[in-house]
Amino acid sequence: EAQVTQNPRYLITVTGKKLTVTCSQNMNHEYMSWYRQDPGLGLRQIYYSMNVEVTDKGDVPEGYKVSRKEKRNFPLILESPSPNQTSLYFCASTRDVRGILSGYTFGSGTRLTVV
Amino acid sequence: QKEVEQDPGPLSVPEGAIVSLNCTYSNSAFQYFMWYRQYSRKGPELLMYTYSSGNKEDGRFTAQVDKSSKYISLFIRDSQPSDSATYLCAMSLHNTDKLIFGTGTRLQVFP
Numbered sequence: 001e002a003q004v005t006q007n008p009r010y011l012i013t014v015t016g017k018k019l020t021v022t023c024s025q026n027m028n029h030e031y032m033s034w035y036r037q038d039p040g041l042g043l044r045q046i047y048y049s050m051n052v053e054v055t056d057k058g059d060v061p062e063g064y065k066v067s068r069k070e071k072r073n074f075p076l077i078l079e080s081p082s083p084n085q086t087s088l089y090f091c092a093s094t095r096d097v098r099g100i101l102s103g104y105t106f107g108s109g110t111r112l113t114v115v
Numbered sequence: 001q002k003e004v005e006q007d008p009g010p011l012s013v014p015e016g017a018i019v020s021l022n023c024t025y026s027n028s029a030f031q032y033f034m035w036y037r038q039y040s041r042k043g044p045e046l047l048m049y050t051y052s053s054g055n056k057e058d059g060r061f062t063a064q065v066d067k068s069s070k071y072i073s074l075f076i077r078d079s080q081p082s083d084s085a086t087y088l089c090a091m092s093l094h095n096t097d098k099l100i101f102g103t104g105t106r107l108q109v110f111p
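Chains as they are written, first to last, in the working numbering: chain A, 1 to 115; chain B, 1 to 111.
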C-alpha cells in the first residue's frame, strides 16, 4: 500500500529534550515536506525537500532541522523543543512538485506536546 | 490579511443536503486550486483540483473557481454522514512549488 509513515503518533516530552519524528514514504516520491497544523492557523510548511540532500526552509522553520540522506526518509528534528512547538505535525510527499496531478500524500500525523 | 481565508465552521447539515464550502484569496496570481478532505486523526487527502477558472465535477463533488472574485467553492450533493470531515482548500502559483492551505471548514452531516 502506498503510504507515508510517521512515528511516533503521539509524543509528550519536556522542554529542551532533543527529539526526532521519523517520516518514510514507499512511493519513490522526490518531493517531501513537513507541516504543522494549529487551530486557526491551518497547515504551515516547516521544511521541504526537492530531492536527496536538497532541503529548504518553509514558512516556519525556526527551531526545526531536517535531513534527506535517502529518498524515502525525511526526519524532523527538534534540537531543543519548547512549548510553542506543541502542535500536530504532518509529513507529506508528492510525485510532482506542486502536488497538482497526484496530490500530496500525508502521513497520519504526530501529536507533539512539549511541557 | 491572510492569503487564503476559510470559514472554520462547524457547518452542520442533515443527510441529503447540498453543502457549499468556500474560500477567498488575495493573490490573483494563484493558478492551481485544490480541495483536501481531512478525517479526524488522519492526514489530509486530495479530493479535487482545478487549474485556473471553471468547474470540475467528480461524482457528488463539484469544484468551482471564480478568479474575477478570487473565490473558490466546493459543492457536495446528497451529503452523507461519511462526508463529515474538515475540508481544506489549497492553492499555488504557476511558477512555484509552494502550496498555501486554508485553515479548513469542519463539516458535520447528521443522519
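Everything labelled a hint here was simulated from the structure, so no lab data went into it. Please note that the accuracy of each hint is not assured.
To be clear about the criterion: a stretch of chain B counts as covered by chain A if any three or more of its residues have a C-beta under 8 angstroms from a C-beta of chain A, and this derived list gives those stretches [what the hints assert, rightly or not]:
#, region
1, 65–73
2, 101–109
The list that follows gives simulated cross-link-like pairs (lysine-lysine, DSBU-like), each with its CA atoms no further than 30 angstroms apart [as the list claims (entries may be wrong)]:
#, chain 1, residue 1, chain 2, residue 2
3, A, K69, A, K18
4, A, K69, A, K57
5, B, K56, A, K57
6, B, K2, A, K65
7, B, K98, B, K67
8, A, K17, A, K69
9, B, K67, B, K2
10, B, K56, A, K69
11, B, K70, B, K2
12, A, K57, A, K17
13, A, K71, B, K42
14, B, K98, B, K56
15, B, K2, B, K56
16, A, K18, B, K56
17, B, K70, B, K98
18, B, K42, A, K17
19, A, K57, A, K18
20, B, K2, A, K71
21, B, K70, B, K56
22, B, K42, B, K98
23, A, K65, B, K42
24, A, K65, A, K18
25, A, K65, B, K98
26, A, K57, B, K98
27, A, K18, A, K71
28, B, K42, B, K2
29, B, K70, A, K57
30, A, K57, A, K71
31, A, K17, A, K71
32, B, K2, B, K98
33, A, K18, B, K67
34, A, K17, A, K65
35, A, K69, B, K98
36, B, K70, A, K69
C-beta atoms are modelled at their ideal positions from N, C-alpha and C, and glycine is treated no differently.
Enumerated hints in conflict with the structure, sorted upward: 1, 5, 10, 16, 20, 33, 36
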